[in-house]
Structure formats: C-alpha cells, structure tokens
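Engineer: Chains A and B, in that order, are what the protein sequence lines are. Per our numbering, the very first residue in the first sequence carries number 108; after that it's consecutive. Per our numbering, the very first residue in the second sequence carries number 108; after that it's consecutive.
Honestly, the hints are just simulated from the structure, not real lab data. Where hints are given, some of them may not hold.
Stated by the list, open to error - Under the rule of at most 25 Å between Cα atoms (straight-line distance), these lysine-lysine pairs were calculated in the BS3-like manner:
1. A/Lys365 x B/Lys297
2. A/Lys323 x A/Lys177
3. B/Lys297 x A/Lys200
4. B/Lys144 x B/Lys188
5. A/Lys368 x B/Lys297
6. A/Lys365 x B/Lys365
7. B/Lys297 x B/Lys271
8. B/Lys144 x A/Lys111
9. B/Lys177 x A/Lys297
10. A/Lys111 x B/Lys155
Note that the structure is predicted; figures quoted are calculated from it, not measured.
There are 2 protein chains.
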Amino acid sequence: MKWKRSERLVDMTRHLLENPHTLISLTFFSNRYSAAKSSISEDLGILKETFEESSTGRLVTISGAAGGIKYIPLVGREEIKEVIHSLMNELRKSDRLLPGGYLYMTDLLGNPRFLDRIGKVIATAFFDKEIDVIMTVATKGIPIAHAIARHLNVPVIVVRRDSKVTEGPTVSINYVSGSARRIQTMVLSKRSMQSGQKVLLTDDFMKVGGTMQGMKSLLEEFNCELGGVAVLVEAEHLEEVLVDDYLSLVKLRAVDEKHRKIELEEGNYFTRGGNELWNM
Amino acid sequence: MKWKRSERLVDMTRHLLENPHTLISLTFFSNRYSAAKSSISEDLGILKETFEESSTGRLVTISGAAGGIKYIPLVGREEIKEVIHSLMNELRKSDRLLPGGYLYMTDLLGNPRFLDRIGKVIATAFFDKEIDVIMTVATKGIPIAHAIARHLNVPVIVVRRDSKVTEGPTVSINYVSGSARRIQTMVLSKRSMQSGQKVLLTDDFMKVGGTMQGMKSLLEEFNCELGGVAVLVEAEHLEEVLVDDYLSLVKLRAVDEKHRKIELEEGNYFTRGGNELWNM
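So that you can see chain A by itself, here it is in the shape it has in the complex (with noise of 0.2 Å):
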C-alpha cells in the first residue's frame, strides 16, 4: 500500500511519540510506507518544526549507515512553569491537610494525565544524562517513577520494605530514616539491576532525603552510579538534607495545622543550575 503525505504524518507522529529516545532509521520509515527516504527526510522536517513549535520535544538526527531519527520528549520553560504552579494550587487546598502536617496527595499520584505532564517535566531534566533506570521505593514513587520513564524510555526498578517471594533472591540494607531516626530496612531484588548503571532517584516527597540516602546506600551496594535525585515535594526542616544535588517540583515551606494553611513554594527546578535544558 502506498502511503500518502498526510497519512505519514499522522503515522509518523504517532510513532515517534510512542517510541522516545529509541533511534528509528529512515529505511523503516521508507519501507513501511513504500516511500523514498528523500520523502520521509521532507515529512521529518515537517515534523521536526512542529514538535519545536508547540514544546513537544526534539527530533534529533544522527547521520551515518547506523543513523536515523530519534524523538527526545522535552517541555518548554512556559509549560514547566504552568505543570508547578497547578501542583502548587491543588496541594494548597486545606482539606489536603492530615494530622501530623501531611499531605494527601493519593489523589494526584492516581491522575493519568497530570501524572504524565509530571514525568515529561522531570524527564526533561534529566534527557541528556544517559540515565538508565528509575529506581523508586514502593508504594506512592511508583506511579511517577513510570511516568518519567515512558518519556527516557528507560525500566523502572522498585525498593520495597519487605521481602517477598516473587522477587527471587533479594540484597538488603539498613539504613537511617532521616526525620524520624528510625534504623529501617530496603530490599532490592538481585536480578534487578546491573552493575555499572547510571540510575535516577526518585519519590513523591522528600524531607531529610532518609530514604534517597538508603537507595544510595544500595546503588553501592549494586556497583552502580546515582544519575540523580527527582522529587514532587520537598519540605522545609531545619537539619541539614542528606543528598546534595535533587530536583523538586515544589517546597513545602511550611504548614499551620491549626488555622490549616498550607505554605509553598517554586522547588529548584528552574534554580539548582546546570539546567538549561529547556531552552530550546
């Protein structure tokens, strides 16, 4: 079947979003729409201009016999900006307030749409740091581990507290929750991770950074490199944070349980530096 303009375009728009940071040669694209490469070189363009236009990602061309076309989702400054500030106004709302000055954030963390907007952003950050895993701790990272990792399309590994049967032989550390002091234990399945892999940190929030330092602990314990540190919510506190470099959508400068007000800020997405990413 011979393929018109317009239809590769649709076809190829799809394709390129289903499959980000993953290289596509121009021969698969001319085969499969019984095309010349010459004609799919003018459709990438077409696309090319209109991902960059509406802050869909970049197309990236890599030249060569080995070469083709890969698609780096990444978000504009403006969208960025607009993805915190409406975190910032649900997580206002005072009927979020728990006992003991937590947040719910179930809700959020249930949300397929918003959940992918939180990915594309954070997977911005961190699109030329050849991350490749995700390593969150069960249960609420889950859920924003995956969504980072359609968009670097990298596997997502999860630290759990317990043992389990199906996870096979596991390796398990010790280590400090930050705020609470409390020694608690984070078991990794063995067959998980290989060493030597450069892997992203990542949960939903993040006060001391206890639970980062464990998962740190164990990417030692698995010979591999910490690729980063990515949270939703960091929070305000007085000793000092255990990680040193992290991204956070949001601070949660402070919170009045009993007139139930709830205080945030920016996070340092746009401040911790070296992040210049998103001027494309």
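Once you have looked at the hints, place chain B on chain A.
Structural biologist: Just chain B, lined up with the frame of chain A:
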C-alpha cells in the same frame, strides 16, 4: 500564527494521542490553528482513516453544539495476539522460575514500552464499559493499573495491606486469601472513591481470586459497582475461581520445578465472549 495542513496534522495527532477518551470540540482546534472548521473536519478525516489503518484506535465524532471528537485507543486483533505471545515467550524462560512455583515478572512490570502495549490491550477490552476508576493492590498491580488508566483516561486507586498516615481516614476489610486460606486485611483511603463509581479491578497474577474477592468486598463498602476484572496471568488450580467473569492475557497451566519447565497458554482474552471489540 497560521498553521499549514501538514503542521496541523502532526499537532492534532499529538493532541489526540495525549488526550484519549476526551471530548475535544472543533472550536478548540479551529482556534488553535486559526483554521476554518471545514478544514479541521477534513484534517480529522485523514486522522481517522490513518488511525484505523494503523490499528491506533477510533476517532468518534459527536455531533451537535456540545459535540466534537474523541480518540478511543483500540488495538487490533493481530497486535493483541502479538502482545499476548510476546508475553508468553518472555514468561516461558526457565530462569523466571522461583521456589514454590512462582514466576519472576518484576522486570516486565518495570518496562515502560511493554506496559504501554499491555495497557492498551486491556483498555481495548473495556473501552465501552464506562469504567470510572481502576483499582489494584500494592505493589505489583500498580504499573499495570496505570498503563490501562492512561488509555481509558480514568484515575487509579491503590489498595494497601496496611494503613498509612498519608492516606488519611481509611476503610479496612478482612478477606480470605484464596490459595493459602489466610485471613488478610485490605485498606483503602476513604476519600479515594465516590459511591456509584464503576470500577475495573486489575492485578498481575490471579490464582483462586482471593485478592479480587477482597477488592470486591471493598467496592461494596464504598457502594461502588464492579466494571470488570483483568489480570496479566491466571494460574491453573483445582479450586473454583472466586470471580465469575475476568479477562486474562496468559494462563499458567503448570510449573515443573524439577525439570524447570513452565507451561503456558493464551488466556481467555478472545474466548470469554461478549468481546468483539477488536474487529474494528
């Protein structure tokens, strides 16, 4: 700015793929691209045909003043078969066999591209079932639930084994785990569901269906309705299954631990009846 047809096609494709099961008015597109509604209609005609030819899904037109277009992700029969058989090929690998006859599936549940395909396959079977919410149990079901949820555009809620402070007030029930016949507890945040919602239950693995039965009891507590049950793998067993109607992608017939053999067959996706949806 005035968009060319070619640019509109690329951007509309992206917009629709990112917003499945969402009604989008022609006015939205016509404003976004500064184009006449007649041009937009022609564009949508091209998208519609291409989506159907590439087994991406259906574009449904809703006419009238409150009308517009809706993208329904649907996978064709061929691709469903392919997804099921690639799952079987993966699961058949003997190094997945764990003591007690369990299968290691954690790597698959961490693979974003695989999950996306699985999610779309399951969403295809429930596209017209008016599902409001997808419910699963922590931990392994979470990525599957989210993969389905994105294609149905509905939220995910996660049932836990233990209550956590960050969940707020919870409802808890006891149930009998199917195979081990132990009494277990399930906990769900009170504000996670509204009464009257239609719920799709999902999990990675089902034997007798005790966990599903537990979730069904939770639905009753919340005055919610069962919209369906979907699992990746069902296991052969002697007792009667506690759930009447469920969908499975793969059936685990038998495990021979001594010879390290895993016997699999297709699940009931195509045979359970009432499901001719993939004949688009």
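Engineer: For each hint, tell me whether it holds in the structure or not.
Structural biologist: Structure-based check of each hint:
1. For a cut-off of 25 Å, the pair hint linking lysine 365 of chain A to lysine 297 of chain B stands: about 23 Å separates their Cα positions.
2. Between lysine 323 of chain A and lysine 177 of chain A, the direct Cα distance comes to roughly 31 Å. Violation of the 25 Å bound is thereby established for this hinted pair.
3. Under the criterion of a C-alpha separation no larger than 25 Å, the hint pairing lysine 297 of chain B with lysine 200 of chain A is consistent with the structure, at around 17 Å.
4. Distance restraint check for lysine 144 of chain B and lysine 188 of chain B: the Cα-Cα separation of roughly 39 Å exceeds the 25 Å cut-off, and the hinted pair is therefore not satisfied.
5. Taken as a hint, the lysine 368 of chain A and lysine 297 of chain B pair is honoured in the structure, with Cα atoms around 22 Å apart against an allowance of 25 Å.
6. Taking the CA atoms of lysine 365 of chain A and lysine 365 of chain B, the gap is near 63 Å; set against the 25 Å cutoff, the hint is violated.
7. Note on lysine 297 of chain B and lysine 271 of chain B: the hinted pairing holds, with a Cα-Cα distance of about 12 Å set against a maximum of 25 Å.
8. Between lysine 144 of chain B and lysine 111 of chain A the CA atoms are separated by roughly 22 Å; this keeps the pair inside 25 Å, and the hint holds.
9. With a C-alpha separation of about 44 Å, the suggested pairing of lysine 177 of chain B with lysine 297 of chain A is violated against the 25 Å cut-off.
10. About 14 Å separates the Cα atoms of lysine 111 of chain A and lysine 155 of chain B, which keeps this hinted pair within 25 Å; it holds.
The structure shown violates the earlier hints numbered 2, 4, 6, 9.
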